[in-house]
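Going line by line, the protein sequences match chains A and B. Using numbering that gives the first Met the number 0, you'd call the opening residue of the first sequence number 0 and step up by one each time. Using numbering that gives the first Met the number 0, you'd call the opening residue of the second sequence number 0 and step up by one each time.
Do not rely on the hints blindly, as some may be mistaken.
Pairs count within a copy or across copies, as identical chains cannot be separated in the list.
To be verified - Below, in silico cross-link-like pairs of lysine to any residue (SDA-like), each with a Cα-Cα straight-line distance of 25 Å or less:
1. LYS110 / SER100
2. LYS110 / LEU20
3. LYS120 / PHE257
4. LYS110 / ASP28
5. LYS308 / LEU319
6. LYS110 / ASN71
7. LYS110 / PRO55
8. LYS110 / ASP21
9. LYS169 / VAL159
10. LYS110 / ARG68
11. LYS308 / ARG295
12. LYS308 / PHE235
The hints are simulated quantities; they were obtained by calculation from the structure and are not laboratory data.
2 protein chains.
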Amino acid sequence: MKFIHTSDWHIGRQLHNQSLLDDQRFVLDQIVELASQHDVDAVVVAGDIYDRSIPPANAVALLDDVVNRLVNELNIPLIMIAGNHDGHERLGFAARQMNDSGLHIIGPLSKDVRTIELQGKQGNAVFYGLPYADPATVRHVFDCEVSTHEEAMAKLLEQVHEHDSHGLPKIVVSHCFLDGGSESESERPLSIGGADKISPTLFTPFNYTALGHLHGPQYKGAEHVRYSGSMLKYSFSEQHQNKSVTLVDIAEDGAASFELLPLTAMRDVRIIEGLMAELLEQGKTDAHNQDYLMVRLTDKNAILDAMGKLRDVYPNVLHLERTGLMSDNTKVELSRDHIKKGELDMFSDFFAQVSGEPMTDEQQQAMTAAIEELHKVERTA
Amino acid sequence: MKFIHTSDWHIGRQLHNQSLLDDQRFVLDQIVELASQHDVDAVVVAGDIYDRSIPPANAVALLDDVVNRLVNELNIPLIMIAGNHDGHERLGFAARQMNDSGLHIIGPLSKDVRTIELQGKQGNAVFYGLPYADPATVRHVFDCEVSTHEEAMAKLLEQVHEHDSHGLPKIVVSHCFLDGGSESESERPLSIGGADKISPTLFTPFNYTALGHLHGPQYKGAEHVRYSGSMLKYSFSEQHQNKSVTLVDIAEDGAASFELLPLTAMRDVRIIEGLMAELLEQGKTDAHNQDYLMVRLTDKNAILDAMGKLRDVYPNVLHLERTGLMSDNTKVELSRDHIKKGELDMFSDFFAQVSGEPMTDEQQQAMTAAIEELHKVERTA
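Isolated chain A (complex conformation) (with noise of 0.2 Å):
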């Protein structure tokens, strides 16, 4: 049984405001892609297939294609669960009758965990798909006592444990947060202050636990306990984080196998750092000029329009942090004189910015004049 694992697709999502389903189209061709090269029997997405309940209706229109060649052209069938970004029930609409075709969505938690045994050419396996679900959801589908995350999971793999699998290996297909993962800034807590831990130990007795939620590709516990990580970087703190989804063959004996097959980002996220005047330049041959971008500006002077300039070289600057500024601010000592200083300088650059030419002598008294009748007043206040 060999499949692709992905998961956290987050269809919809926005970066500072800039919509990214060009992006997501870009890498999800590439998922489609690498499921018919490597002829596998299933691609599994462990939940966040959307970044919202309610997705916009291009981001419906996008997953509908993805399916189609999956499932349709491609004929492999396509294992789903909902994770705590989606909606559901929404998700979840008619998901009987597409079982047929080989899409299965699991939406709403029911009191049957869904079993899907699928074919493959090197052998069969069981797939529990679980979709995310908190205790209280569990408390009222099961009608039971659990007050925590790991206790939610438990019951939910009661089942798992007493299905009969007639020998095949059993896939679980999870979206939790495994005690000690590793997380991003672009994933939402399931929960304050820790409850929503779970210990991986409740995963490794079977063979293979594909899960969702962290964004970055990791295991825990074992290495059969595994997170595939999001398809793109959502957050500026998974800059240095490679993106991939998991080849996982499971042998004849029940052992699973995996590789990480890398994604390409249409544009990257990514963070850079410099002077204004180098940056400007740099761009003008940077080859990936088109990345998402947050800038550390270490200019120590005022400019103007700083974002629109470096817009020019770098049109999808998407964050500017003036960390020039910031560590004057810091190092400066607080004496008046100091900031006096600090204020005339930083008038000076702009002026000089805005009118072509630098501060003549009578203008620069004038300045300091009107700086030092602010701070009397200042004072009198």
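Fit chain B to the supplied structure of chain A, relying on the hints for placement.
Leaving out everything else, chain B in the frame of chain A:
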């Protein structure tokens, strides 16, 4: 080919801020039951499945349940097209993956009209599902020049004319406004100023046209060009309508016959009129006191908390009209004296209700003086 034609379910709709979900479940149960009883070959829903492009999650769950019972349990094919209220992309998600199950959803308009050949116990037929599409959408999808709804529909029907059904009856499913159609208050106009009107003659060449949009059952142009009407009364203007689904039977020679199968609402929508005292008395023994009511109160005096009093016996009064007061106001001559007398009478009613006793002569004089004083201020202002 025998099928049920219904439309305008508007699942998730509210009536004067009152959720109708239980009422909708109640009547959808009847539709499922009628489909089973009459052993139909299909159920056709001609648009406005949901009330809004983004239906609430419990509306999605209700439709999911209905679909499961019709398609999976009863094995009856279900055809649904998107109406002007539906979100076409959302409704149409994964439609291709559902087809084999017998669930045929036609969401966004596509260049190729959806043809669905269904097997009937007494002969097959071809259904053509045309989702609601305004002229701009038709121009965009077909890259053609159409400016009115009629031209747009003619464009869509070209393919239906051209399609070779191998002699099978042609049944068109469409959501539009036929010229001369009788409107209710609960339909959202498709366009302003009558540009949405389509001649019924466009549809007469086909064996049957299952229409949606108008909420009263009716036919236009010919008996086989029909609106089934909505499944519930969605405004008080529909109080005298009888809601039904249309049972259609297409004979071997292609001739269509019809029968209206009545639907019973859990709570009727009706208007009652009378004096408060009469209505309170009548409500005590009214077997239908749970109905959704608009009350027209003919009392000519002020009544404190009229809504609260009525709801003691008619808990689902949704709207109150003080027709007694309204007609008084229109009759009254607008001389100062009349107005003053009116004010004193109003206050006197109010006083009696709050205190439980009529005003004494002394109190009346004080009030008259106060009113006079107010008018003096008014005159000099």
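From the Cα coordinates, with 25 Å as the cut-off, is the pair LYS110 and ASP28 best called within, between, both, or neither? between (35 Å within a copy, 24 Å between copies)
Homo-oligomer pair classification [SER100, LYS110; C-alpha up to 25 Å]: Both, since 24 Å and 24 Å are each at most 25 Å.
Same-copy or cross-copy closeness of LYS308 to ARG295 [CA-CA at most 25 Å]: within (14 Å within a copy, 68 Å between copies)
When no copy is named, should LYS308 and PHE235 be tagged within, between, both, or neither for a Cα gap of at most 25 Å? within (21 Å within a copy, 61 Å between copies)
Checking an output row: LYS120 and PHE257, CA cutoff 25 Å. Within, between, both or neither? Intra 17 Å, inter 53 Å, cutoff 25 Å: intra-copy only.
Have a look at LYS110 and PRO55 and pick one of within, between, both or neither, based on CA distance no larger than 25 Å. This pair counts as between: shortest inter-copy Cα distance 23 Å, intra-copy 30 Å.
Checking an output row: LYS308 and LEU319, CA cutoff 25 Å. Within, between, both or neither? within (12 Å within a copy, 63 Å between copies)
State whether the alpha carbon distance between LYS169 and VAL159 is at most 25 Å within one copy, between copies, both, or neither. This pair counts as within: shortest intra-copy Cα distance 8 Å, inter-copy 49 Å.
First find the shortest C-alpha distance between LYS110 and ARG68 inside one copy, then the shortest across copies, and answer within, between, both or neither for a cut-off of 25 Å. Close across copies (19 Å), not inside one copy (32 Å); limit 25 Å.
Pop the pair LYS110 and LEU20 into one bin, within, between, both or neither, using alpha-carbon distances up to 25 Å. between (35 Å within a copy, 24 Å between copies)
Homomeric proximity label, LYS110 with ASN71: Cα distance no greater than 25 Å: between (30 Å within a copy, 19 Å between copies)
State whether the alpha carbon distance between LYS110 and ASP21 is at most 25 Å within one copy, between copies, both, or neither. Result: close only across copies, 23 Å inter versus 38 Å intra.
Taken one by one, the earlier hints all hold for this structure without exception.
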